[in-house]
Amino acid sequence: MQSHDVLILGAGLAGMRAALAATEEGVDVAVVSKVHPVRSHSGAAQGGINAALTDRGDDWKDHAYDTIKGSDFLGDQDAIEIMCREAGEEVIAMEHMGAIFNRDEEGKLGTRSFGGQRQARTFFVADFTGQALLHVLYEQIIKAGVRVYEEWFVVSLIMEDGKCSGAVLMEISSGHIEVARAKSVILATGGLGRVFEPSTNALICTGDGMGLAYRVGAPLMDMEMVQYHPTTLKGSGALLSEAARGEGAYLLNSKGERFMLEYAPEFKELASRDVVSRCEQTEINAGRGIDGCVLLDVRHLGEKLINERLGQIRELGIDFANVDMVTDPVPVRPGMHYIMGGVKADVDGLTPVPGLYAAGEVACVSVHGGNRLGANSLLDTLVFGRRSGRHAAEASKHMSHTNINDSYANAVKIQLESLLDNPKGETFGQLRTDLGATMNQHLAVYRNETGMKEALAKIGEIKQRYKSVYVPDKTKIFNTNLMFTIEMNFMIDCAETIAISAIDRTESRGAHTREDMPERDDENWLKHILISKDGDQHKLSYKDIVITNWEPTVRQY
Amino acid sequence: MEVKFSIRRYDPESSNAVSHFQEYQLDLNDSSTVLDGLIEIREEIDGTLSLRCSCRSAICGSCAMRINGQAGLACNTKVIDVLPKDGSPIIVEPAGNLPLIKDLIVDFAPFWSKVNAVDPWLKPEGEEPEEEYLAPNEDMLHLAGVMSCIMCGACVSDCTVLAVDENFLGPAALAKAYRFVGDPRDDDDDNRLKMLNGNNGIWDCTRCMQCVEVCPKGVDPMGRIMALRDKAMTAGYNNTNGARHAKAFSDSVKHSGWLDELQLPIKSFGIFNIKAMIGLIPLGIRAQLNGKRPPIFHKSIPGADKVRKIFDKVENKI
Numbered sequence: 182m183q184s185h186d187v188l189i190l191g192a193g194l195a196g197m198r199a200a201l202a203a204t205e206e207g208v209d210v211a212v213v214s215k216v217h218p219v220r221s222h223s224g225a226a227q228g229g230i231n232a233a234l235t236d237r238g239d240d241w242k243d244h245a246y247d248t249i250k251g252s253d254f255l256g257d258q259d260a261i262e263i264m265c266r267e268a269g270e271e272v273i274a275m276e277h278m279g280a281i282f283n284r285d286e287e288g289k290l291g292t293r294s295f296g297g298q299r300q301a302r303t304f305f306v307a308d309f310t311g312q313a314l315l316h317v318l319y320e321q322i323i324k325a326g327v328r329v330y331e332e333w334f335v336v337s338l339i340m341e342d343g344k345c346s347g348a349v350l351m352e353i354s355s356g357h358i359e360v361a362r363a364k365s366v367i368l369a370t371g372g373l374g375r376v377f378e379p380s381t382n383a384l385i386c387t388g389d390g391m392g393l394a395y396r397v398g399a400p401l402m403d404m405e406m407v408q409y410h411p412t413t414l415k416g417s418g419a420l421l422s423e424a425a426r427g428e429g430a431y432l433l434n435s436k437g438e439r440f441m442l443e444y445a446p447e448f449k450e451l452a453s454r455d456v457v458s459r460c461e462q463t464e465i466n467a468g469r470g471i472d473g474c475v476l477l478d479v480r481h482l483g484e485k486l487i488n489e490r491l492g493q494i495r496e497l498g499i500d501f502a503n504v505d506m507v508t509d510p511v512p513v514r515p516g517m518h519y520i521m522g523g524v525k526a527d528v529d530g531l532t533p534v535p536g537l538y539a540a541g542e543v544a545c546v547s548v549h550g551g552n553r554l555g556a557n558s559l560l561d562t563l564v565f566g567r568r569s570g571r572h573a574a575e576a577s578k579h580m581s582h583t584n585i586n587d588s589y590a591n592a593v594k595i596q597l598e599s600l601l602d603n604p605k606g607e608t609f610g611q612l613r614t615d616l617g618a619t620m621n622q623h624l625a626v627y628r629n630e631t632g633m634k635e636a637l638a639k640i641g642e643i644k645q646r647y648k649s650v651y652v653p654d655k656t657k658i659f660n661t662n663l664m665f666t667i668e669m670n671f672m673i674d675c676a677e678t679i680a681i682s683a684i685d686r687t688e689s690r691g692a693h694t695r696e697d698m699p700e701r702d703d704e705n706w707l708k709h710i711l712i713s714k715d716g717d718q719h720k721l722s723y724k725d726i727v728i729t730n731w732e733p734t735v736r737q738y
Numbered sequence: 014m015e016v017k018f019s020i021r022r023y024d025p026e027s028s029n030a031v032s033h034f035q036e037y038q039l040d041l042n043d044s045s046t047v048l049d050g051l052i053e054i055r056e057e058i059d060g061t062l063s064l065r066c067s068c069r070s071a072i073c074g075s076c077a078m079r080i081n082g083q084a085g086l087a088c089n090t091k092v093i094d095v096l097p098k099d100g101s102p103i104i105v106e107p108a109g110n111l112p113l114i115k116d117l118i119v120d121f122a123p124f125w126s127k128v129n130a131v132d133p134w135l136k137p138e139g140e141e142p143e144e145e146y147l148a149p150n151e152d153m154l155h156l157a158g159v160m161s162c163i164m165c166g167a168c169v170s171d172c173t174v175l176a177v178d179e180n181f182l183g184p185a186a187l188a189k190a191y192r193f194v195g196d197p198r199d200d201d202d203d204n205r206l207k208m209l210n211g212n213n214g215i216w217d218c219t220r221c222m223q224c225v226e227v228c229p230k231g232v233d234p235m236g237r238i239m240a241l242r243d244k245a246m247t248a249g250y251n252n253t254n255g256a257r258h259a260k261a262f263s264d265s266v267k268h269s270g271w272l273d274e275l276q277l278p279i280k281s282f283g284i285f286n287i288k289a290m291i292g293l294i295p296l297g298i299r300a301q302l303n304g305k306r307p308p309i310f311h312k313s314i315p316g317a318d319k320v321r322k323i324f325d326k327v328e329n330k331i
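So the sequence lines, in the order shown, correspond to chains A and H. Take the first sequence: its position 367, counting from 1, is numbered 548 in our numbering, and each next residue is one higher. Take the second sequence: its position 141, counting from 1, is numbered 154 in our numbering, and each next residue is one higher.
Source of the hints: derived by calculation from the structure; they are not laboratory data. Some hints here could point you the wrong way.
[To be verified] Stretch by stretch, here's where chain H covers chain A in the computed footprint (C-beta under 8 Å, at least three residues): (1) 288 to 298; (2) 414 to 427; (3) 585 to 595.
[Said to hold, decoys possible] In silico lysine to any residue, SDA-like type, Cα no more than 20 Å apart, as pairs: (4) A/K289 / H/P197; (5) A/K708 / A/Y738; (6) A/K324 / H/I58; (7) H/K91 / A/I681; (8) H/K91 / A/K289; (9) H/K136 / A/K655; (10) A/K655 / H/S27; (11) A/K289 / H/G139; (12) A/K289 / H/A148; (13) A/K605 / H/I58.
[As the list claims (entries may be wrong)] Calculated from the model, a selection of chain A residues having no Cβ within reach of chain H, i.e. all distances over 12 Å: (14) D308; (15) K578; (16) A638.
This one's a predicted model, so the numbers in the text were calculated from it and none came from an experiment. All residues carry an ideal CB built from backbone N, CA and C; glycine is no exception.
Put together the whole structure using the sequences plus the hints.
Spelled out as C-alpha cells, the structure:
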C-alpha cells in the first residue's frame with residue numbers, strides 16, 4: 182500500500198497546478214496519470230488563456246460579465262468573480278515559471294481577441310498555448326520532485342468512515358493492483374469527450390473522474406451542458422482553434438455569404454461558441470452548407486500572419502483535410518468539444534463527498550454555466566487547480582489517515598478477473614461506436630424530447646450489453662484493451678447522466694437548445710440540475726444559481 | 014481502398030517471447046491515417062494489439078513509431094502517402110533506440126532521464142518582477158519553434174548516434190536544453206553550456222540530419238545542437254575535441270581554401286594526446302592502402318585568397 186497526504190488523479194494543467202500548490206504547503210503529494218503528464222489533453226488547447234490585466238486597461242469585472250453572459254446566466258457569479266479576479270496573477274505566475282507567450286512591441290505579454298468578449302484579453306503562445314503551459318508545469322513538477330505515478334490507471338475510489346480515503350490503482354506496465362491511501366484526493370482527470378463520436382477530445386478523455394465520483398455518491402452538475410465547438414475539421418473532426426476567428430477569419434456558407442453578420446451583428450464570427458455553432462447548424466440544415474460543413478476562410482490574413490500565429494492549424498488542415506488555408510477556405514462543422522458540467526465542487530474544489538476535491542474539466546464549480554467562453558478553460562484549470570491543491574494540503578495537515586488496508590485491492594482484483602472471464606463476444610469497441618453515434622445524433626447542437634429519450638433508451642441497452650463485454654487480451658503487461666473496457670463503463674455512466682439531465686431541463690439555455698422548447702425560462706430554470714447515484718437508480722436535485730451583481734438579461738451578440 | 018499492414022508484434026509474457034510480423038487486411042479511405050488503421054485493428058480485428066495514442070492531432074506525442082522504417086507520428090501519417098506501390102504491406106514497428114516493452118510500446122524512461130539531465134526548467138536570476146519579465150517578441154517566437162517539441166521521441170528513435178552510443182543525450186534533450194539557453198530570462202547559461210559541452214553532449218552529434226528529417230513538428234533538433242555549439246565556443250568552452258575540430262576545420266579552409274585532412278585529427282585530439290595519436294595509426298594505414306591518404310604537404314588551392322576574403326567578410330559582420 183502507498184500512502185500520501187494529497188493524492189491527485191490526473192496530470193494535466195489542473196492536476197499539476199494542484200500538485201505544485203500542495204507541494205508548496207509542505208505536505209507529501211503524489212500525482213497519478215494514465216498517460217505521461219505531457220500527453221495529457223490540456224496540451225491540445227490551442228488559442229490561449231483569458232485574463233483581464235489592469236495595466237492593459239482591462240477590468241476583471243468586464244471579464245466576469247462576459248463570462249456570465251457567455252454562460253447564458255447559468256454560471257455561479259461568486260465563483261466567476263474569483264476566477265476572473267485571480268486570472269492575472271495566474272497568467273503572470275506561469276510566465277515567471279517559464280511560459281513564453283507572444284509579446285507586444287514593448288516586450289510585454291500580447292493579447293488576441295476571442296469569442297464572446299468585448300476586450301482582447303486572451304494571452305497566447307501561437308496556437309499551442311495549452312501545450313506550452315503543460316510542458317512548463319511539467320518542468321516545475323520535475324524541479325519540485327513531485328512523485329508521479331506515470332501510466333497508472335485509477336480503477337476506483339476508496340470510501341471509508343464516510344470520507345474519500347484513497348484510490349485503487351493499476352500499474353499499466355505490469356497490471357499490478359495497488360492501494361494508494363490519502364488524506365485528500367483531488368480529481369483532475371479532465372473531460373468525457375469520447376462519449377460522443379466524433380469529438381475533438383483525445384482518446385483518453387473518457388470521463389473517468391466523473392464516473393469514479395458518481396459511484397461514490399458525488400453529485401454531477403450541469404451535465405446537460407455540452408459544448409459543440411464551431412470549427413472542427415471536416416473528416417477527422419480535429420479542432421481548429423477559435424484563434425483563427427480571433428485573428429479575423431470569416432465563416433462562409435455555400436453562397437459565400439458571411440452569415441454571422443446577420444445572426445450576430447455586433448460580435449459576428451466572435452459571438453460565443455454555442456451561438457456560432459447553432460448558426461452554422463441552422464445554415465447547414467437550411468441547405469446552405471457544403472457537404473455538412475460551412476467554410477472557415479483566413480486567406481485575407483496573409484501567409485505571414487497565418488504561419489506566425491496559426492501555423493499548427495494550417496498543418497492540421499494540410500495533414501487531415503488536404504486543404505492549405507493560405508490558398509483555400511477550410512470546411513468546418515460544429516463538433517463536440519467540452520463539457521461544462523462535472524463533479525459539483527465549491528470554489529476550493531471541495532465536493533459534497535468529504536475528502537474528495539475536483540478541479541478542471543472534471544469539475545463543475547460552475548464557472549461556465551451553459552456555455553464556456555474560449556480561453557476560459559485553461560484559466561479554470563489553473564485557478565481552481567491551485568485553490569484545490571492549497572485547500573487539500575492545508576486540510577490534510579489537520580487529519581490523520583483513515584485506517585484502510587489492501588482488501589480494497591483484492592476486491593478490484595476479483596472484479597477484474599470476473600471481467601476477464603466473460604465469454605467470447607462483443608468488445609468495448611462496438612459499444613463505444615454505438616454510444617458515440619447515439620450521443621452525437623440526439624444530444625448535439627439541436628435537441629428534442631423524442632430524440633433524447635431515444636438516446637436514453639439506447640444507453641440503457643448499451644449498459645446491458647456491457648455486462649457481458651468481452652476482453653480479448655488476457656495479458657498483464659500493457660493490457661490496453663482491459664483498460665479501455667473499464668473506461669467504457671465510466672463513459673456509460675457519463676452518457677446516462679447527460680441524457681437524463683438534458684431531458685429534465687425543459688427550456689433552451691446556452692449549449693442546451695431544444696427544438697421543442699426554444700425559449701429560455703428564467704422563471705423556472707435559473708438553477709442547476711444535480712444528478713447523483715441512488716443504489717441502481719439515480720436521483721435529481723436542484724440548486725439555485727448564485728447571482729451577485731448581474732441580473733439575467735436578454736442575450737444578444 | 015484495400016491496405017495491408019504488417020505490424021511487428023511482441024508479447025513479453027509469451028513463453029517464446031520473440032518479435033514477429035503479423036499482417037492485417039484493412040479497408041481504408043484516402044484521408045485515413047496510419048493511426049486510423051491501427052485503431053481499427055485494435056478495436057475491430059485484434060484486441061490484443063497494444064500501442065500508445067491519444068489526441069489524433071499531432072500534439073500529445075504518444076504515437077511515434079517506425080512506419081516503413083522511418084520514425085513518425087502514426088496520427089499525421091496518411092496511409093496513401095506510405096502505401097507501397099507494389100501492393101506490399103505498410104510496415105509498422107515500434108520506435109527505435111528505446112527498450113521494447115510490448116508490440117508498439119517502448120520504454121520512455123531513458124528518454125525522460127536524459128531530458129531531466131539538462132535541468133529542464135527556467136532559472137532566472139534575482140528577484141521576480143511584480144509583472145511579467147520583458148522579452149522581445151522575436152526571441153519568444155524563436156523559442157516557440159523549439160517549444161513546439163511534443164516529446165514524441167521520433168528524433169531519438171532514428172538518431173544514428175544513439176544507435177551506437179546509448180549515453181548520448183540525444184536530439185530531444187539537447188533541443189530542450191537550447192530552449193533555456195536561448196531564453197533571455199534564463200540566467201544559467203554558463204553552467205548549462207559547461208554541462209552540455211561535456212561528455213555525451215553537443216559534440217557527439219554527427220550532423221546526419223536524421224532528427225531534422227523525422228521531426229513531425231519542425232523543431233530542427235540538429236540546428237539547435239549546432240546553435241548550442243556556437244554558444245559554447247563563444248562562451249569560451251574551446252577545450253574539447255569537438256571545439257578544436259570545428260576550429261581546425263575552419264582555420265584550414267580559411268588558410269588554404271580546402272581541408273587539411275592530415276592535420277584535422279591531430280588538431281582535434283591534440284598532438285600530445287598520445288593515446289589518441291596511436292589510435293589514429295590503423296586509420297592512417299587503411300587510408301594509405303586504399304589510396305586515400307591525404308597529401309603530406311598541404312598546399313593552398315588557386316584563389317585561396319578569395320576564400321580568405323569571404324571569411325574576413327563573414328567574421329567582421331559578426
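Status of each hint after checking the structure:
no.: 1; hint: 288 to 298; verdict: holds (count 4)
no.: 2; hint: 414 to 427; verdict: holds (count 4)
no.: 3; hint: 585 to 595; verdict: violated (count 0)
no.: 4; hint: A/K289 / H/P197; verdict: holds, 13 Å
no.: 5; hint: A/K708 / A/Y738; verdict: violated, 23 Å
no.: 6; hint: A/K324 / H/I58; verdict: violated, 43 Å
no.: 7; hint: H/K91 / A/I681; verdict: violated, 40 Å
no.: 8; hint: H/K91 / A/K289; verdict: violated, 40 Å
no.: 9; hint: H/K136 / A/K655; verdict: violated, 47 Å
no.: 10; hint: A/K655 / H/S27; verdict: holds, 11 Å
no.: 11; hint: A/K289 / H/G139; verdict: holds, 19 Å
no.: 12; hint: A/K289 / H/A148; verdict: holds, 7 Å
no.: 13; hint: A/K605 / H/I58; verdict: holds, 13 Å
no.: 14; hint: D308; verdict: violated, 10 Å
no.: 15; hint: K578; verdict: holds, 27 Å
no.: 16; hint: A638; verdict: holds, 24 Å
In the structure shown, a violation is registered for the earlier hints numbered 3, 5, 6, 7, 8, 9, 14, in ascending order.
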